[in-house]
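A.B. asks: The listed protein sequences derive, respectively, from chains A and B.
Residues in the first sequence are numbered consecutively from 1446, following my numbering.
Residues in the second sequence are numbered consecutively from 867, following my numbering.
Honestly, the hints are just simulated from the structure, not real lab data.
Possibly wrong hints are sitting among the right ones.
Straight-line Cα separation of at most 35 Å, DSBU-like style, residue types lysine-lysine; simulated pairs [to be verified]:
#1 A:1594 <-> A:1483
#2 B:879 <-> A:1465
#3 A:1513 <-> B:870
#4 A:1594 <-> B:879
#5 A:1587 <-> B:881
#6 B:1071 <-> B:978
#7 A:1471 <-> B:1247
#8 B:1089 <-> A:1502
#9 B:1227 <-> B:1203
#10 B:1300 <-> B:1107
#11 B:1203 <-> B:1268
Keep in mind it's a predicted model, so treat the numbers as computed, not measured.
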Amino acid sequence: MEEVEIAKRAIRGDDQAFLKVMQLYKDTLYRTAFAFLKNEHDALEAMQEVTFRAYQKIHTVKEPSYMKTWLVRIMMNYCQDQLKKSKRYSSSEMLQEIGFREDAIHLEINEAIASLSNVEQQLIFLKYFQNTKIKEIAELEKIPEGTVKSRLHKALKSLRNFLSEKGDVDRV
Amino acid sequence: MYEKEEEMLHKTKKKLEQVVVPEQLINNAIQQGIFQAKVEKRKRKKTLWAFSIAAILILTFVTSIRVSPAFASAISTLPGMERFVHLIQVDKGIKAIVENDYYEPIGESQDKNDLTLTVDGIIIDETGAEIFYTLAAPYSLENMDYQGVKLLNDGQELIASTSYNPPDQETENRKVDELSFVFVETEQFTSNNFEVQFEVKQANKTTLFNVPFTIKNEIKAGKVYTINETVEIDGQHIEVKEITLYPLRVAVTLEFDEQNEMKILQFEDMRIEDENGEVWSSIRNGITGFGENQDKENTYFLQSNYFKEPKELYLKLDKVQALPKEESYLLVDFAKKEILEQPSDRKMEVLNVGNNTIEIKYHPIREDYMYSLFSQGENAKGEIVEIPTQGNRGNNDEQYTKITLDEKDIINPVKIDFIAYPNYLDGSVSIQIK
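Bound-form chain A, shown alone (with noise of 0.2 Å):
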């Protein structure tokens, strides 16, 4: 598959082919910083860097065809780490004061990933917005399947507590 020759030769420290690696996955980098910072400006901010922190660990990567993955679990850490820097925070109500239009539904389940843990949180993001296979999760965090799974189901878990709190699970 292209995609991995490519990022085989990225790994190998080919300067052309770490850009071609950005270009391929930069939609989906975006999205990701997109997801967690929730504003263009502090996204794009997130490229630049995570751009830089990539090129300077691109040769550590043992798996090619996880690049995607170790790429967008380089931005979720930046992201999760800006995040923990300005304690930003959007909590509905807030954010229906400025006047912010967006879908409730949406809203209360991105306060609700946002009470995970930091783990919780890229698993969930890897898991159902990236549709990363458990296998490839696992392998990548060197732990057994099952143990993602069942940390994926905890992680339910606490949305479905989280939002039934906050009583809107009978909305969908």
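Since chain A is already given, all that's left is putting chain B on it; use the hints.
C.D. replies: Positioned in the frame of chain A, the structure of chain B alone reads:
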């Protein structure tokens, strides 16, 4: 079991996919990120592992500059070269360069503050440049200091390791000499327009020269031999990746196997021989190589014989300095003034530890040669601690090295890797290049 939640997640995902992606801005951000990473990489490459070997002048005559009479007369017939006869070493590579018209006379100059800087000529390839210059004044150039020199291509600085002789000159108000640039990465020039920026200072007055010039000759490309073969010495594996011949130097790129138990430090003997066993000898005075870290690629420079096309070429490695990885460094606590860890053979005796200094005594590693023992340190946080001064003194029996570290970066304990040490791998290696 969690269909409701999964459905909500799915809907949110769909929403996310509708987010407008500002293509151009993203491309810019990516370019910026790559550019920054490359600058970072160059900076690190420059400070890491730039090791140099200077010949000790034990005897009273000057050994570095000797010219055969025939060669001298040959050079002096070339326009503009007669002044540099005294600089050209008996170096087969340079001789061939001159004979093959690869030295290009330039003759551009700038007058400033009564000083005149002339770029007389240049030898340049993708790995570096030798620039021959004349600095002249109507008065004595005594007490002149060189502050720095840069070479630019199309306005972009070519990041390099530079070396030049200090300005003590034979003729009082005139200095004729050579500037050496070794680029930290092989360069692809974007045009033949270059500029030398040279800053000098005398009696508190600074003069910055800018001399632009254009190269007319074609800049010769490197001849690459891709090898990718692994050799073994004393149980240690080294992959010979590629060997590239340039007019000014030969670049040998090696990679050390991560699984090696020993850390390879220096090759005292690395040379290339032709089918007749004739040697293109290795150690040039000055920069001998660059490397990022031990487990990745290291590049070594040998003298070049670019213009001679032998039928066969062989790379030979011998007298390889190495230390067991767990014992390849000093671990120092500068507050307690203690050495916490050091190689067990104690060939290096630490005489004393100061607030930010260490003095070491040892037997000379190699006759008539002085090796830099260290390149930089690493503090307890994993940050780089620079070693701005490394002084050596001694004779053929005993050598003393005193290093001074950048105080502001010291967080104890500090790990300082050896880049040279008198411990060797058994054996040698020969590998055919062509």
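A.B. asks: Go through the numbered hints given earlier and state which of them the structure violates, listing their numbers in rising order.
C.D. replies: none
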